[in-house]
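A.B. asks: Let the hints inform the model, and build the full structure from the sequences given.
One-letter residues, chain by chain:
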Amino acid sequence: MPRLDIKNASDDQLVRAAQRGRTEPYEELVYRHRDKIFARAFSMLRNEDEAMDLSQEAWVKGWQRLKQFKRDASFTTWMTRIVINLCLDHLRKRKRRATDSLEQIEEEGGGVERRMPVETFNPTENMERTELRAEIDRAMDKLSYEHRTVLLLHEFEGMEYKEIAKSMHCSIGTVMSRLFYARRKLASLLISLKKERQR
Amino acid sequence: MQNEDRLKLQAWLDGELPVREASRVSNWVESNPEARELAKELRNVKVIMETGEVPLVMEDSREFYWNQIARRIDATEAVVHQPKPVHASSWMQWCRQWLVPVGGLAAIVVMISNVGTQPGEFQAPASDVGEEVHPSTQPIVAPRIPPAIEPSFAEPVINPEGEVSAEDVNVLNLNIPTDGNPNLQPRSERTIPSIENPKR
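Chains A and B are the protein sequences, given in the same order.
Just so you know, we're using this note's numbering here: the first sequence kicks off at 1 and counts up by one.
Just so you know, we're using this note's numbering here: the second sequence kicks off at 200 and counts up by one.
Calculated directly from the structure, the hints in this document are not laboratory data.
Only a predicted model underlies this, so the values are computations on that prediction, with no experimental measurement involved.
Built from N, CA and C at the ideal position, the CB exists for glycine as well.
Mixed in with the good hints there might be a few duds.
With beta-carbon atoms standing in for the labels, derived distance ranges [said to hold, decoys possible]:
(1) B:230 x A:94: 44 to 50 Å
(2) B:291 x A:169: 38 to 44 Å
(3) A:64 x B:249: 33 to 39 Å
(4) A:158 x B:226: 40 to 46 Å
(5) A:71 x B:296: 45 to 51 Å
(6) B:222 x A:160: 19 to 25 Å
(7) A:32 x B:231: 47 to 53 Å
(8) A:76 x B:295: 49 to 55 Å
(9) B:273 x A:160: 34 to 40 Å
C.D. replies: Shown next, in the form of structure tokens:
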């Protein structure tokens, strides 16, 4: 069997080699994708230490389940699903410990988004890409974890309503109303941030 | 606008509606100014989100990060490969459940039956002792079993008044040390205080 050039091998070649029990190809995969996995954990948890811990946990789980990976999706998609599920479990446990704020209870009950005025102008017009991303990040930080998670799973991970409902252990109707609220709230937050900048 | 209509509008924007339903919502949005405004807002948010996320870059070195993961993998594999406690198979469990008690019971029965037999009660015939026996030539001789001793009970001596003598009744009056305990005194000496008249 020809020796694998780890540095220049494709993800698929590395995965195949790692599935045979070799750790060096897996180490290369970790090195290539660790930023993305950490970023997803951080965007969900908003805590650097927890994100670091859970992203490492995801790599451990990835190694343990590597033989089950059928390569029907990309390796990064598969790893991202692992870290998302770990983060969702963690957030559920965290939520059980914390007491909901009044605002959050109202958000969960629905109806707040209906009272928000419709914002038709684009609050991020003429903004640099980097600046715009930072602005979105600030606005996302102000959302509850349920709304933020639904939004990022749909917009950044491209997951359908059905997939999100399955991952978050809720109904499709709940996903739809959370997504609706998250979008409307995000629009209103971006406008507030723009007003703050103009002052 | 009903909440259901708002969510349907959003599902239309996300491409989650079937073709026929999507075309119906599209017509409704075109004809309804309120729906048109809401669709514009939601579409704006979708466009903004396409900008993507703030990229994050980890500062830890490759070796440091990988070593942490490798240590965790080793720790979990050590737990997985720990020798599991040996569980008895179902056959062994069946043996423990039934054969051991039955075997124990059988042993007790054998012991009891041996206790009832006096040692040396069955003696081999004198001719068999110390002699070489040839099964092919010697006829099989059944061992002599002594006749069973019939149990004999002494009849109590009954006097002409129909009373049994004291020696026969007091068979359980053994000389057990009582250490002054009234409950262990012979029955004839015990006095039971009356409940009605405790002074008696």
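A.B. asks: Each hint should be assessed against the structure and marked as holding or not.
C.D. replies: Status of the hints after comparison with the structure:
no.: 1; hint: B:230 x A:94: 44 to 50 Å; in the structure: 46 Å, holds
no.: 2; hint: B:291 x A:169: 38 to 44 Å; in the structure: 43 Å, holds
no.: 3; hint: A:64 x B:249: 33 to 39 Å; in the structure: 35 Å, holds
no.: 4; hint: A:158 x B:226: 40 to 46 Å; in the structure: 28 Å, violated
no.: 5; hint: A:71 x B:296: 45 to 51 Å; in the structure: 50 Å, holds
no.: 6; hint: B:222 x A:160: 19 to 25 Å; in the structure: 20 Å, holds
no.: 7; hint: A:32 x B:231: 47 to 53 Å; in the structure: 49 Å, holds
no.: 8; hint: A:76 x B:295: 49 to 55 Å; in the structure: 54 Å, holds
no.: 9; hint: B:273 x A:160: 34 to 40 Å; in the structure: 38 Å, holds
When the structure is compared with the earlier hints, a violation turns up for hint 4 alone.
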